[in-house]
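Following the hints, put chain B in place on chain A, whose structure we already have.
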Amino acid sequence: MNTRNTKVMNRFDVTSRLITKLKHEEAVIGGIGNTNFDLWAAGHRPQNFYMLGSMGLAFPIALGVALAQPERRVFALEGDGSLLMQLGALATIAALKPKNLIMIVMDNGIYQITGAQPTPAAGVADLVAIALGSGLTNSAWAADEEDFERLVDEAMSADEPSLIALRIDDKPGVGATRRDPVQIRERFMHGLGVREPL
Amino acid sequence: MAIAEQQTSSQAGPGSGDRSWHSIVLQTLKRNEISLIPYVPDRVLTPLIKNLHVDPFFTTFATAREEEAVGIVSGAWMGGRRGAVLMQTSGFATLANTLASLAVPYQIPLIMFVSERGTLGEFNYGQSLVCRTMRPVLDSLALEHHTITRLDELEFIADRSIKQAVTTQAPVALILNPLLTGGKVFDK
Chain A
1 MNTRNTKVMN RFDVTSRLIT KLKHEEAVIG GIGNTNFDLW AAGHRPQNFY MLGSMGLAFP
61 IALGVALAQP ERRVFALEGD GSLLMQLGAL ATIAALKPKN LIMIVMDNGI YQITGAQPTP
121 AAGVADLVAI ALGSGLTNSA WAADEEDFER LVDEAMSADE PSLIALRIDD KPGVGATRRD
181 PVQIRERFMH GLGVREPL
Chain B
1 MAIAEQQTSS QAGPGSGDRS WHSIVLQTLK RNEISLIPYV PDRVLTPLIK NLHVDPFFTT
61 FATAREEEAV GIVSGAWMGG RRGAVLMQTS GFATLANTLA SLAVPYQIPL IMFVSERGTL
121 GEFNYGQSLV CRTMRPVLDS LALEHHTITR LDELEFIADR SIKQAVTTQA PVALILNPLL
181 TGGKVFDK
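Heads up: the protein sequence lines correspond to chains A and B, in order.
Going by the working numbering, the first sequence wraps up at 198, each residue one higher than the last.
Going by the working numbering, the second sequence wraps up at 188, each residue one higher than the last.
Hints were generated in silico from the structure; no laboratory data involved.
Quick caveat: nothing in here was measured; it's all calculated off a predicted structure.
Backbone N, C-alpha and C define an ideal beta-carbon position, used for all residues, glycine too.
A portion of the hints provided could be inaccurate.
Part of the chain B face toward chain A, derived, beta carbon under 7 Å [unchecked claim]:
(1) 63
(2) 64
(3) 65
(4) 68
(5) 71
(6) 72
(7) 75
(8) 80
(9) 98
(10) 101
(11) 105
Pair by pair, the computed Cβ-Cβ distance ranges are [what the hints assert, rightly or not]:
(12) 95/A - 94/B: 14 to 22 Å
(13) 100/B - 133/A: 27 to 35 Å
(14) 137/A - 96/B: 28 to 36 Å
Isolated chain A, as found in the complex:
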């Protein structure tokens, strides 16, 4: 893993940088655990969806939103362990080519929330190579924070789905998402303009 010339970044920092860039009510799907804790901590937005389980489904859920609302950019934040659970989704997304879908993979090589055990891929598999091999041609490692921001800017106007992977440290998430699934979904649907608040 250290053979890659990429800086080890911090999840909360890069998540905050991403949120700062969102000016058009882009949807953001946070994967389970620390990924959505940091999404919450970066500042709650009605267009954020927080997963409380179903590990590995951040990209498929985001794909569904992207197919339902092709004019809206849809981001998904996923951990490396979660992505390993649903690698087939990369091929599905590559086949459908939703240009408004932007996948961000936070790779620290560990199942951090369960006690920091290494994933079976740690130090062996290259997630961007897997994405490229799955047909997601617009996939790249972010070399550092500036490079990450540049890749996000590019993805915002890309005409194919984008995948950006980052190496991150083992710091725990900053906040803790409130755990009320119905409230989360309802607010998200308000945020997407599908529902009116009561």
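Only chain B this time, still in chain A's reference frame:
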């Protein structure tokens, strides 16, 4: 069983008549504005999948796993587009975690059509065992489900179940029994 034989031999797809089981399912989906259909295939579902692909009203595509398909239609629902997932019995068996942590607690009207394998002449031991886990899983989640055996009941059950799922924001499983579809027969 006349209906079963008729349906088995009508798997050619288009032109097989408007009252085939798969044509009724397709029309019922359309009438309820369900246009996004991810699936993991099953031999029995072949004519339905084929006709869905042909009809431009539908966005129909294969996923690598049933969980993915559930995630996709859940996201689509939240984004304002209705979908349904097609799978076979063994695919349903992979879904317990996704149902219990996404569709049920978030109150998402997940519509599932499950081609029932493992019963009424099944030849594959794995299918027959996994089939027996399906209804206990559905019941343990208090999840609405109907087994459809009769062509004359299909439209009523499917249409009403879809409307109930949407209005009560709850998942539903529609199990397509071999008595309806003809099932899969052992032909090497």
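Worksheet item: Can the hint on residue 105/B be confirmed by a CB-to-CB distance to chain A that is less than 7 Å?
Response: 4 Å, holds
Answer holds if the nearest beta-carbon of chain A is closer than 7 Å to that of residue 75/B; otherwise answer violated. 3 Å, holds
Original post:
Could one say that the CB atoms of residue 137/A and residue 96/B fall in the range 28 to 36 Å?
Top reply: 35 Å, holds
Hint validity - residue 101/B Cβ closer than 7 Å to any chain A Cβ: Holds, because the Cβ-Cβ distance from residue 101/B to chain A comes to roughly 3 Å (cut-off 7 Å).
Would the hint on residue 80/B stand, with a C-beta cut-off of 7 Å toward chain A?
-> 4 Å, holds
Chain A contact restraint for residue 63/B - C-beta distance below 7 Å:
Because about 5 Å separates residue 63/B from the closest Cβ in chain A, which is inside the 7 Å limit, the hint holds.
Does the interface hint hold: is residue 64/B within less than 7 Å of chain A, judged Cβ to Cβ? 2 Å, holds
Holds or violated: residue 65/B as interface residue toward chain A, Cβ cutoff 7 Å?
5 Å, holds
Are residue 68/B and chain A close enough, Cβ to Cβ, to be under 7 Å, as the hint says?
4 Å, holds
Item checked: Agreement of hint residue 98/B with chain A interface, Cβ distance less than 7 Å -> Result: holds, 5 Å to nearest chain A Cβ.
Hold the hint about residue 71/B up to the distance rule: shortest CB distance to chain A must be less than 7 Å.
3 Å, holds
Outcome for the supplied range 27 to 35 Å, where the beta carbon pair is residue 100/B and residue 133/A:
Because 32 Å falls inside the window, the suggested range holds.
In the structure shown, no violation is registered for any of the earlier numbered hints.
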